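Enquirer: Make a model of the complete structure from these sequences and hints.
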Amino acid sequence: MKHSDQVSFEMIAKNGAARSLFLEAIQEAKKGKFKEAAILMEDGEAMLLEGHAVHGELITQVARGESVEMDLLLVHAEDQMMAAEMFKLLAREFIELYRRIK
Numbered sequence: 001m002k003h004s005d006q007v008s009f010e011m012i013a014k015n016g017a018a019r020s021l022f023l024e025a026i027q028e029a030k031k032g033k034f035k036e037a038a039i040l041m042e043d044g045e046a047m048l049l050e051g052h053a054v055h056g057e058l059i060t061q062v063a064r065g066e067s068v069e070m071d072l073l074l075v076h077a078e079d080q081m082m083a084a085e086m087f088k089l090l091a092r093e094f095i096e097l098y099r100r101i102k
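Under full-length UniProt numbering, the first residue of the sequence shown is numbered 1, with each subsequent residue one higher.
Mixed in with the good hints, there may be bad ones.
What the hints assert, rightly or not - BS3-like, lysine-lysine: derived pairs with alpha carbons at most 27 Å apart:
1. 88 - 30
2. 88 - 35
3. 33 - 102
4. 102 - 35
5. 102 - 88
6. 88 - 33
7. 102 - 30
8. 31 - 102
9. 88 - 31
Stated by the list, open to error - Listed next, with one range per pair, are the computed distances between beta-carbon atoms:
10. 43 - 82: 34 to 42 Å
11. 30 - 66: 44 to 52 Å
12. 82 - 39: 43 to 51 Å
13. 90 - 13: 16 to 24 Å
14. 97 - 6: 13 to 21 Å
15. 62 - 97: 35 to 43 Å
If you are wondering where the hints come from, they were derived from the structure by calculation, not from laboratory data.
These numbers were taken from a predicted model, which means no experiment stands behind them.
Beta carbons: idealized from backbone N, C-alpha and C, even for Gly.
Expert: Below, the structure written as structure tokens:
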């Protein structure tokens with residue numbers, strides 16, 4: 001079963017939004033607005049979970065023995081997911097650093 005491009009686009013959109021929220025959280029922490037940063041981190045994590053859920057559907061298909069066609073768009077979607085994960089980890093570290101120096 002070929003995944004639709006819609007699945008890839010959904011992953012890209014959700015993970016891209018998560019990454020943007022994590023970056024915004026860093027900017028708020030930089031201004032000393034830690035409550036706002038925490039809210040943005042929570043929103044980003046929720047969006048990232050939505051992206052993971054879409055990805056999980058593809059993994060479930062593979063686990064059932066169904067084939068999932070790998071194409072450049074899906075590779076890009078998975079790359080965006082991993083980038084968002086990395087931004088989440090780095091955002092946590094940056095926010096903690098800003099908290100210590102404020």
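Enquirer: If any of the earlier hints don't hold here, list their numbers in rising order.
Expert: 10, 12, 14
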